[in-house]
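Trainee: Below are the chains, spelled out letter by letter.
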Amino acid sequence: MSQSTLAGAAAGTTVGSSTRRQRWEGWPSFLVLLPSLIVTAIFVYGFIAVTFWISLSNWRTLKPDTTVREPFGQTYLDLFAQPRFQADLRNTLIFTVLFIGISVLVGLGLAILIDYNRKMFAIPFFRNVYLFPYALSFVVTGVAWRWIFNPETGVNLFFDIFGINQLLASVGQAPLKPGWTTDPTVAFSVNGILEQFIPGAESLRIQFGLPVALIPVAIAAMWQLSGFVMAMYLGGMTTVSDEIREAARIDGAGEWQVYRRVIIPLLKPVTISVIIILLHVSLKIFDLVITMSGVGPGFATDMPAIFVFETTFKATRYNLGMAAAIVMLLLAASVIVPYLASSLRKSEE
Amino acid sequence: MLKKTLVVAVVLTLAIGLGLFAVKAQSGDLEVFSWWTSGGEAAALQALFDAYAADYPDVNIVNATVAGGGGSAARPVLQTRLAGGDPPDSWQIHPGWELFGQYVDPGYVEPINFLYEEEGWNDVVPQGLRDIMTVDGNIYMVLVGVHRGNGFWYNKPLLEENGITIGDTLSAEEFTAAAETLQAAGIAPLCMGDNGIWANAQLFENTLLGTVGPENYMKLFAGEMAWDDPMVISAIESFGAMQDYLNTDHTSLSWDQAVKALMDGQCAFNSMGDWAYGEFVAAGKVDNVDFGWVSHPGTAGSFMIVADGFPLAAGAPNRDAAVGWLRTLGGLPAQEAFNPLKGSIPARTDADRSKFGVYHNWSMDSFAADALVPSWVHGSAAPAAFQQTLNDAVTLFIVDRDAAAFAAALVQGAVDAGIAG
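If you read the sequences in order, they're chains P and U. For the record, in the first sequence the residue sitting at position 147 is 147 according to our numbering, with numbers rising by one throughout. For the record, in the second sequence the residue sitting at position 39 is 39 according to our numbering, with numbers rising by one throughout.
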């Protein structure tokens with residue numbers, strides 16, 4: 001969907017920025033674009049409209065019922081009153097911050113290491129090794145990391161193998177055995193603060209904070225996408241000419257400062273693109289989470305996409321599921337629309 | 001070269017497409033849709049096909065299966081086909097709300113009262129079963145087998161080592177006493193694998209039945225008793241107390257891994273439907289030696305129905321073959337061949353008991369004498385929306401143990417699902 005939207009926006013730019021005469025000359029290209037415009041209008045915007053309509057309707061069994069529900073918009077109130085959906089919004093925010101933060105840091109770090117050592121003979125090998133996880137399906141990643149973070153058989157065995165647990169036992173401490181994705185703890189809860197500012201917040205059933213079960217999920221997602229981030233940065237770094245690097249060095253910059261003060265600031269557009277691309281992965285994430293941890297204890301790892309799927313196809317509450325889908329769309333749009341608007345403005349300048 | 005490959009690809013695609021149409025157009029077919037693809041299930045389905053082939057040798061059976069646990073992948077395919085007016089002749093279905101809400105209401109199935117009259121099934125299929133297949137006097141499906149959902153399995157040697165003996169029934173108080181003894185000995189009293197949450201929801205369902213009894217259980221789903229009734233709150237509190245008895249890794253295990261943990265002696269009891277029996281048998285364990293069973297504490301005298309059956313599609317492409325299929329399914333030979341493989345008991349009271357083992361004879365006694373109640377977790381007692389309400393409420397409750405919020409969620413869910421009084 002996002003690709004076709006981008007294509008549509010790009011097409012709009014060309015038409016909008018041309019003079020009347022150029023527009024007349026552009027009519028064959030308009031004809032060529034017409035089929036895809038029609039298809040996009042029906043299958044993207046038409047279906048968004050249908051989804052929105054259903055979210056306002058009475059359709060809550062398998063039998064379609066498209067009459068408008070009274071009072072108007074009640075389904076949205078029901079949705080936000082559900083502790084599960086509140087947890088989903090919390091999880092989306094926390095997961096997005098964790099996942100994008102560590103993906104960008106790790107991806108940038110790998111790119112710098114490879115760029116710095118780019119004359120070394122084994123570099124193409126490493127570049128491919130880091131990029132390889134990106135070629136996998138999220139389902140494969142989810143299953144593999146589910147085993148890795150299994151409390152009984154996964155990374156926890158290292159605490160035994162390396163003697164950490166024996167050490168703890170010798171000083172009378174319980175062995176180290178994190179529950180990873182099965183841990184329902186929510187750290188840094190801000191419910192106390194919310195209660196002071198929002199009336200009625202004390203009746204919230206969900207703890208708003210950092211669900212620790214999301215950390216392993218973010219690590220798995222990072223593992224898959226940091227190679228992609230690295231490739232984006234490497235692409236950007238090749239455009240920074242050796243003259244600029246040399247100039248920085250002559251001005252007395254050390255190798256670290258060349259990256260810190262020159263290259264990374266020059267790559268700001270790359271960073272923005274990377275964040276936008278990762279954001280839409282993070283907002284729509286489904287397959288990785290459902291295979292790795294499911295909804296988690298107390299919905300510690302539940303995501304809006306899982307909510308939409310279960311509510312619509314398992315509980316057959318179509319109106320509620322579609323309302324959640326519309327909220328997801330608005331979340332994604334709140335990020336993509338400003339980005340498109342700003343890039344549109346830039347291309348017109 | 002590339003051109004050649006393209007031509008081959010196009011030809012192949014066309015051939016496959018035409019081939020599908022050819023299969024559909026051929027007369028004398030019967031298409032049966034199910035998600036019975038695992039070892040024992042597939043063998044049981046094949047037994048039904050064999051029985052059908054013996055009765056109707058000229059019909060070609062098209063076995064349309066879509067793999068995936070609990071039909072997670074199959075149901076969307078089935079829904080799409082039904083909504084698109086391309087139904088299979090018959091498909092796997094649970095009685096109760098799954099039948100009513102998903103298939104009777106939208107008009108995807110047709111009544112088969114005539115079959116029950118012609119075959120005399122009204123005399124051999126218990127009233128409690130016929131009730132959960134009937135709307136407005138019309139009966140819509142044939143059951144092939146019945147599982148008992150309120151089983152309580154235990155590791156017999158492990159209990160003996162800890163000085164615990166289990167009689168013919170187990171009360172909630174006796175269970176609590178045994179659990180305290182086991183916990184003091186460092187053994188997790190209750191085995192649980194609630195990955196996907198339904199196994200823990202089932203523990204609640206059984207505890208609810210044990211606390212309120214079968215009559216009130218039916219009243220709750222009929223809207224004649226409130227979901228925040230003190231008895232329901234008491235069931236929620238017992239359920240909460242049981243959460244302290246679980247193995248610590250329960251959220252990362254599936255139900256069958258929990259049964260395995262029971263066999264390995266890592267935990268003692270497991271509240272589970274009798275599909276667990278198949279796991280014991282497959283592991284070479286012996287009835288009443290390695291493992292034993294009673295009804296879930298407080299549920300002796302009740303039989304939680306988790307049943308499988310098939311309907312007749314409205315507008316079935318091969319209606320005569322489909323009617324014959326249902327005629328075969330309701331008969332004794334098919335049910336006696338199917339159930340030992342599936343691990344359930346026949347959905348009629350006149351089966352030959354010598355064809356079944358010790359456990360299933362015990363289950364048949366219960367089936368003939370006890371109150372039959374439909375399962376909530378398995379989609380029979382309530383609409384799918386209320387089933388989801390339970391799963392969501394349990395997911396939250398096992399973390400925050402808020403009994404009042406649990407009951408409030410059920411009250412709201414019953415209103416949303418349209419089953420409140």
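Please keep in mind that the hints were generated in silico from the structure rather than gathered at the bench. Beta carbons are placed, not taken as given, at the ideal position from N, Cα and C, and that holds for glycine. Be aware that one or more of the hints could be misleading.
What the simulated footprint calls covered on chain P by chain U, stretch by stretch (three residues with Cβ under 8 Å from a Cβ of chain U suffice, anywhere in the stretch; the number is not a length) [to be verified]: (1) 130-143; (2) 150-164; (3) 309-316.
In silico lysine-lysine, DSSO-like type, Cα no more than 30 Å apart, as pairs [as the list claims (entries may be wrong)]: (4) K219(U) - K260(U); (5) K346(P) - K119(P); (6) K219(U) - K314(P); (7) K177(P) - K219(U); (8) K177(P) - K119(P); (9) K284(P) - K268(P); (10) K219(U) - K285(U); (11) K285(U) - K63(P); (12) K260(U) - K314(P).
Trainee: Give a verdict on every hint.
Mentor: Now for the hints, and whether the structure bears them out:
1. 130-143: Since three or more residues must qualify, the claim that chain U covers the segment 130-143 of chain P is violated, with 0 doing so at under 8 Å.
2. 150-164: Since 3 is at least three, the answer is holds.
3. 309-316: Result for this restraint: holds, n = 6.
4. K219(U) - K260(U): 36 Å, violated
5. K346(P) - K119(P): Measuring from Cα to Cα gives roughly 36 Å; hence the hint is violated.
6. K219(U) - K314(P): Given that 30 Å is the threshold and the Cα spacing comes to 25 Å, the pair holds.
7. K177(P) - K219(U): Violated, at about 45 Å.
8. K177(P) - K119(P): 43 Å, violated
9. K284(P) - K268(P): The hint holds at about 25 Å.
10. K219(U) - K285(U): 39 Å, violated
11. K285(U) - K63(P): 46 Å, violated
12. K260(U) - K314(P): 29 Å, holds
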